[in-house]
Amino acid sequence: MNVYSCLEQVRENQPLVHHLTNWVTIFDCAQVVKSFGASPVMAHAIEEVADMASIASALVLNIGTLTPEFIESMKSAALAANKKGIPVVLDVCGAGATKLRDDMCFKLLDEAKISIIKGNASEIARIAGEHVTTKGVDAGAVDTDLKLLAASLAKARDAVVVITGKEDIVTDGNRFIMVKNGHEVMTHVVGTGCMAASVIGTFAGAAPQNLVESAAAGLFCFEIAAEIAVKNGAGPGTFSSKLFDAIYLLDKKQIDEMLRVN
Amino acid sequence: MNVYSCLEQVRENQPLVHHLTNWVTIFDCAQVVKSFGASPVMAHAIEEVADMASIASALVLNIGTLTPEFIESMKSAALAANKKGIPVVLDVCGAGATKLRDDMCFKLLDEAKISIIKGNASEIARIAGEHVTTKGVDAGAVDTDLKLLAASLAKARDAVVVITGKEDIVTDGNRFIMVKNGHEVMTHVVGTGCMAASVIGTFAGAAPQNLVESAAAGLFCFEIAAEIAVKNGAGPGTFSSKLFDAIYLLDKKQIDEMLRVN
Amino acid sequence: MNVYSCLEQVRENQPLVHHLTNWVTIFDCAQVVKSFGASPVMAHAIEEVADMASIASALVLNIGTLTPEFIESMKSAALAANKKGIPVVLDVCGAGATKLRDDMCFKLLDEAKISIIKGNASEIARIAGEHVTTKGVDAGAVDTDLKLLAASLAKARDAVVVITGKEDIVTDGNRFIMVKNGHEVMTHVVGTGCMAASVIGTFAGAAPQNLVESAAAGLFCFEIAAEIAVKNGAGPGTFSSKLFDAIYLLDKKQIDEMLRVN
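Chains as they are written, first to last, in the working numbering: chain A, 55 to 316; chain B, 55 to 316; chain C, 55 to 316.
Don't read these hints as lab results, they were simulated from the structure.
Copies of the same chain are indistinguishable here, so a pair counts whether it falls within one copy or spans any two.
DSS-like mimics (lysine-lysine), calculated; alpha carbons at most 25 angstroms apart, straight line:
hint	residue 1	residue 2
1	K137	K153
2	K129	K153
3	K138	K153
I would like the entire structure built from these sequences, with the hints used as guidance.
Quick look at the structure:
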């Protein structure tokens, strides 16, 4: 795979990335997409989501502050995205914390075609059927081999699965890409997980032919920029703004030098 | 017009600026108002919007993440603002992207008195009746003379019209002020358009006698501060925080030296 | 009281702090909790709030952008928190600005057990029964002795009361702790009041045995970090990000040297 070539496609195609996301990190999700040179749009009214998805290049669904009505809008948007044939990313934010979150994730997975399922270890474990608990939106302990778990869910749902963590796993059940960039400070920043899903959606929208590669390329770029932000002095509070600056300026030389691949 | 005098009125009168706005940039809209020395308040429950508008000096409506219920609240707030005689700014965010957005803008314009209509080129073109498409909330191509378009809409709706872009156009259909400050980096920052509407509302609330001048003065101050932020090293991520610092410290000397007027 | 010991308990216990809060400062509320080493979760659907509160260590309610439905969710979450015996903080944001806000605060106070009531001078005065007006969410003038007011409300509601301002008052009606740290620039930053409530919830969740002390300890840490942020060059726009960095790095030496207690 060629990470920089994927980044070039994002900057050239400038995909419109339609989000139905949570109210906590909605700005950061929009800004991360914009910093990569793409166009974010956030729209959740059931009266317009199908129209908006129909002019978009990718759809990102994040259940961080879900309600049942919001899930109905997500379903409508996802069906429109399916009809148009654009990638749909589902961030199963907080799955394993409450029954509502589990139920709503299963509903979306059952009633629409989700292209990429993304979560932390305990969220993905819960969606794969394990009995684990998520601490709100922070990962809980998982006793299973994560690569096997991801592959099993990928096959069961015919989707690419991304488990974020110290090392991210990207798989379609057969091929695996491990993303080993990133920095520990990200665990102290609200929104890094949500932004990762938006980045995956952006790269998937720009290069939908190979979703394992485009998802992984997005994560590599995001996490290399994170390392640059930390080099530039970022703490947990100044992280995101320095990250966006670094993403905007990210170049081939930085990627070539910093990429940590399996 | 005297831009600095308008800024002094904002800092002295400290207008309460009531917003019904979107969930993406709601913090930035509040902080930009606060950085100018005014008081932002965000309230959208239909049970309280008329009460809140009645103690405010200006009302800012932004349809970025609208729902039909939200538009009902906007209408109620606008009618209370009309009754009190305070300026009402409508940011037609995303008009031209979906039918819902167009319909809801027309509804608000037909059923309440909007003092200032603000949007990018394709948004305003759509509201003026052109057949154009907005790329989510980013401007699409418009083939019309923008000054004519703005003037025509201003006359049709008896309102001040603001088209933001590389050069902003402010007109009531007769008088034109072109705002030529600002910086290219703003196009890579989520929320600059929304903040511009909040700034216009703040200045309109502090100096409602001449809305063309107060709207333009607000934009000049906002965009001069933006240039200062970039001089202070802002990239797309660090922009808004440095912008707020610059707004807070903005003085007469900076305005006199940096103002780029037609 | 030992402020640093409370901070250590937060970092060690890493309480899950469930919020139902406003859409303006929701990110800052989450990030301030995370910067202290705790876990924020924001969830408001009535279908899940009781489940989420049941796995949490504290509940923070903030009515900044309330609706009547949202208050129903708050009530459900508060009753679950009461059942579990975890502290419930209510930020009476904007009480005294509209009838809806007053009514909803009284409803929550009457129908659930609130452990800590927090607001600025005019908000608390209104909840204590005074006829005052809040300027949106910014404090209006209050002609009463604030310590007496706080103590009277504390006794009437059997709760700890916190009035934020130049000096914060923390009281259960008998004991008073005055928090004299902080910096004037905080009055120009959107969200400092909301963040204060989240910090109080975080410390109360980690050290619920003595809510006067844990609430005060949280405010001391928050405001000492604020002073450090200003020393590090923060203006109103760069404040919050530098504040989060300072909170993350806050140590015993800084607290010992900077604490300004009565």
